[in-house]
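Colleague: So the chains spell out like this:
There are 2 protein chains.
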Amino acid sequence: MAELNKVILSEKDMPKEWYNIAADLPEPLPPIIRADGVPAGPADFAPVFPMEIIKQEVSTQKWIPIPDEVISAYKVWRPSPLCRAYNLEKRLKTPARIYYKNESVSAAGSHKLNTAIPQAYYNKAEGVKRMATETGAGQWGSAMSFATQFFGLKCTVYMVRVSFDQKPYRRFLMQTYGAEVFASPSNLTHAGQEVLKKDPKSLGSLGIAISEAVEDAATHDDTKYCLGSVLNHVCMHQTIIGLEIKKQMELIGDYPDIIAACVGGGSNFAGAVFPFVADKMKGKDIRFLAVEPAACPTLTKGPYRYDFGDEAKLMPLAKMYTLGHNFMPSGIHAGGLRYHGDSPIVSYLVNKKLVEARSYKQIPCFEAAVLFAKSEGLLPAPESSHAIRAAIDEAIICRETKKEKAIVINLSGHGHFDLSAYESYLSGKMVDVEFDEKDMDRCIKELPDIK
Amino acid sequence: MAELNKVILSEKDMPKEWYNIAADLPEPLPPIIRADGVPAGPADFAPVFPMEIIKQEVSTQKWIPIPDEVISAYKVWRPSPLCRAYNLEKRLKTPARIYYKNESVSAAGSHKLNTAIPQAYYNKAEGVKRMATETGAGQWGSAMSFATQFFGLKCTVYMVRVSFDQKPYRRFLMQTYGAEVFASPSNLTHAGQEVLKKDPKSLGSLGIAISEAVEDAATHDDTKYCLGSVLNHVCMHQTIIGLEIKKQMELIGDYPDIIAACVGGGSNFAGAVFPFVADKMKGKDIRFLAVEPAACPTLTKGPYRYDFGDEAKLMPLAKMYTLGHNFMPSGIHAGGLRYHGDSPIVSYLVNKKLVEARSYKQIPCFEAAVLFAKSEGLLPAPESSHAIRAAIDEAIICRETKKEKAIVINLSGHGHFDLSAYESYLSGKMVDVEFDEKDMDRCIKELPDIK
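Note that the protein sequences, when read in sequence, are chains A and B. Quick note: the first sequence uses this note's numbering, first residue 129, plus one each step. Quick note: the second sequence uses this note's numbering, first residue 129, plus one each step.
Hints were generated in silico from the structure; no laboratory data involved. Where hints are given, some of them may not hold.
Identical copies carry no separate label here, and so any pair may be met within one copy or between two of them.
Below, in silico cross-link-like pairs of lysine-lysine (DSS-like), each with a Cα-Cα straight-line distance of 27 Å or less [stated by the list, open to error]:
| # | residue 1 | residue 2 |
| --- | --- | --- |
| 1 | Lys375 | Lys203 |
| 2 | Lys481 | Lys144 |
| 3 | Lys134 | Lys144 |
| 4 | Lys566 | Lys218 |
| 5 | Lys140 | Lys374 |
| 6 | Lys325 | Lys134 |
| 7 | Lys257 | Lys221 |
| 8 | Lys489 | Lys221 |
Keep in mind it's a predicted model, so treat the numbers as computed, not measured.
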């Protein structure tokens with residue numbers, strides 16, 4: 129194997145097509161359905177999404193060509209490096225080879241830009257002038273702000289009020305990219321007004337912010353909505369990560385025994401893992417670790433049921449692992465992993481036992497992240513720390529069993545805007561709240577009864 | 129020319145030697161002298177620096193081999209990409225080819241790590257157990273914190289009190305890398321105690337923090353001091369930047385007409401430019417733009433005189449452009465450029481008219497930085513924005529004169545910890561204070577009378 133710290137593909141070797149796993153699944157996914165029980169069709173999505181995105185969402189074509197304009201935009205930061213974590217290996221005294229795919233190198237600091245760019249492009253191509261979206265801590269909003277700027281679209285971001293006030297840096301970044309950012313709930317939408325009427329000091333929630341952005345898109349002809357995870361087309365755009373990993377591992381002369389990625393809505397995990405799933409279905413010995421927070425254990429504790437994608441029930445129902453659309457996870461620092469449900473495809477793969485799910489509390493995740501930062505320099509996002517924790521645990525098993533496995537971490541983003549979380553960990557102030565099973569049971573009882 | 133967004137050298141093509149410009153200067157540099165007028169020798173530096181660093185500081189050997197251990201550490205993030213700013217060119221409608229060397233990809237987020245790594249290594253090799261240093265906003269402190277962690281040394285950082293309180297994120301980053309960080313003035317040193325006696329609420333200054341770190345090193349046998357700019361060995365370590373640029377431009381089939389870099393102490397500028405200076409002395413048509421803030425116009429308004437390196441006069445005297453060691457520049461956001469003097473070598477080259485100096489106010493620099501971020505995604509550090517401003521102005525001249533020049537920006541670091549400065553610019557709150565010539569004249573009158 130070549131002894132390189134980083135394997136960087138040349139731009140001409142960057143994948144030219146996304147991989148659509150729907151083509152390789154042994155049976156079709158359970159359909160998306162409307163609240164009235166009827167399967168959802170293109171007409172249901174048309175008010176908020178452009179037609180090309182709707183087509184991709186339901187496509188079963190195995191390879192979807194990446195438009196030239198998207199390739200050009202990707203080249204601003206892609207291909208991203210695959211790095212060997214030699215120093216981490218040394219500190220762990222493990223015979224395992226640990227690699228990390230560094231998605232923190234994008235303008236927005238995370239993998240989110242991989243789908244923000246094509247979403248902005250397809251909207252631009254269909255004459256849309258403005259995109260409306262929501263953001264929690266700001267990763268997705270930052271990505272969409274740059275992507276829209278790149279293609280000359282306007283961008284409106286509804287940012288959850290508590291983050292708007294407490295995490296101003298990501299807001300300033302979005303504004304630097306030219307987006308207009310409003311604290312949600314806002315007075316700009318009916319949905320926001322209703323919330324403010326009941327509670328003028330509402331801190332907001334992702335559910336409310338989604339409602340505001342969807343309403344903004346549905347009520348303005350020149351405006352569409354976009355989502356940063358969960359949906360099939362989003363997961364597909366992210367497969368450029370795994371396709372690059374495949375090429376990079378080939379260049380080194382290695383192949384992963386284990387791929388670990390964090391799971392919130394599932395797109396980061398999907399991106400790294402989907403291109404390898406067909407290999408596993410053909411008998412290849414490879415394991416996929418979907419790592420979620422113990423505070424929001426969708427895949428490890430939730431049932432596989434039909435549920436709404438959002439708290440306000442504006443989105444249709446999908447079959448997925450879920451804690452219930454009105455479940456409110458505790459306020460962990462990995463804000464990007466606090467989603468009640470999960471990608472329907474990732475859920476399907478967990479259900480078919482092709483993917484292993486596990487959960488960690490946040491303190492052991494930060495312990496792993498600090499060790500990683502000290503070893504490799506890169507400061508991981510709290511979300512990414514979950515994948516690192518799982519990889520370290522597997523590397524320790526390798527040390528004990530003397531097995532030389534290749535472990536790949538999908539490092540979703542950097543933690544430059546999360547340093548107060550690190551301070552909380554380092555100073556011993558961080559706490560791990562026990563997961564409230566009863567609260568989950570209460571939320572699951574309210575799920576619609578759909579088989 | 130190859131149409132690539134990024135040229136990334138393979139690790140095996142990374143330079144194996146630093147370039148020492150002292151070997152190529154037409155005459156020796158004016159010597160460093162002690163306060164008593166005697167030229168400073170190794171014995172004067174031995175209490176605070178390891179012998180190998182002292183040797184490098186005075187060496188006239190043209191190529192200095194980079195130790196294998198330093199090469200290994202560099203490979204964690206180097207070689208850094210040379211990127212073509214296609215989108216910026218399009219927005220400017222310029223026929224110029226604009227490139228930027230992206231030094232923001234290091235663990236510490238800037239070029240500072242290029243010298244922090246070898247400094248930590250040489251100290252480790254000579255049995256030092258702990259490094260003491262100062263930091264203003266935290267760029268240098270972050271770099272040293274990671275570098276010491278990499279080689280298993282302890283690290284103590286004296287951070288200027290006002291930044292310690294107002295910019296906690298960089299402090300948390302240093303602590304994540306394992307450094308102990310104290311607000312300066314502190315009660316840990318005689319120097320700090322003296323300041324606190326007079327003013328218990330002192331906000332501190334870089335001069336005071338240097339005094340504390342130097343005292344810490346001088347009074348502990350196992351501890352040495354280190355500096356992040358100005359000195360010859362620091363500039364030499366940074367030449368890996370320019371040596372990489374040379375190779376990368378060759379790979380593209382291009383050669384710079386102009387290289388622009390910001391100047392504080394001068395090491396970032398030196399790193400990019402020194403490897404090209406010999407070409408210019410041989411008659412090559414290439415221009416070097418040393419870009420400084422109008423609030424601290426050392427090269428453009430200061431005299432070329434002997435002055436102390438620090439306010440407290442603990443360091444010896446060097447011949448350089450200076451505003452006087454007790455000159456206090458106004459509080460611009462580019463904290464890394466607020467140094468009263470400059471690298472003696474950069475000063476020499478400016479004096480010999482081999483380098484052009486220019487200055488900009490901060491508002492036009494932020495205007496340039498925002499345009500750059502919107503075009504290329506990367507959010508520049510306020511320091512780097514000075515080089516971008518100069519490059520943009522040259523590109524506009526190219527548009528007007530229809531000249532297809534190659535302009536290279538040395539992008540020293542990212543601005544992820546400077547977003548409040550961006551907010552200040554975007555909201556119209558940023559101000560540009562007029563430079564106080566009378567204050568400079570007062571400070572220059574106090575300079576020692578040395579020819």
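Colleague: Is it within a copy, between copies, both, or neither that the alpha carbon of Lys489 lies no farther than 27 Å from that of Lys221?
Modeller: within (24 Å within a copy, 52 Å between copies)
Colleague: Classify it for me, Lys375 with Lys203: is the Cα-Cα distance of at most 27 Å met within a copy, between copies, both or neither?
Modeller: So Lys375 and Lys203 pass the 27 Å test inside a copy (17 Å) and across (21 Å) alike.
Colleague: Using 27 Å as the alpha-carbon threshold, which applies to Lys566 and Lys218: within, between, both, or neither?
Modeller: Answer is neither; intra-copy 43 Å and inter-copy 58 Å both fail.
Colleague: Pop the pair Lys134 and Lys144 into one bin, within, between, both or neither, using alpha-carbon distances up to 27 Å.
Modeller: both (22 Å within a copy, 18 Å between copies)
Colleague: Within a copy, between copies, both or neither: where do Lys481 and Lys144 come within 27 Å Cα-Cα?
Modeller: Classified as neither; 30 Å inside a copy, 49 Å across copies.
Colleague: Check Lys140 against Lys374 for me: Cα-Cα at most 27 Å, and say if that holds within a copy, between copies, both or neither.
Modeller: Classified as both; 15 Å inside a copy, 22 Å across copies.
Colleague: Within a copy, between copies, both or neither: which one fits Lys325 and Lys134 at a CA-CA cutoff of 27 Å?
Modeller: neither (54 Å within a copy, 52 Å between copies)
Colleague: Could you figure out if Lys257 and Lys221 sit no more than 27 Å apart (CA to CA) within one copy, between two copies, both or neither?
Modeller: For Lys257 and Lys221, the Cα distance is within 27 Å only across copies (23 Å; inside one copy 54 Å).
In summary, the numbered hints that this structure violates are 2, 4, 6.
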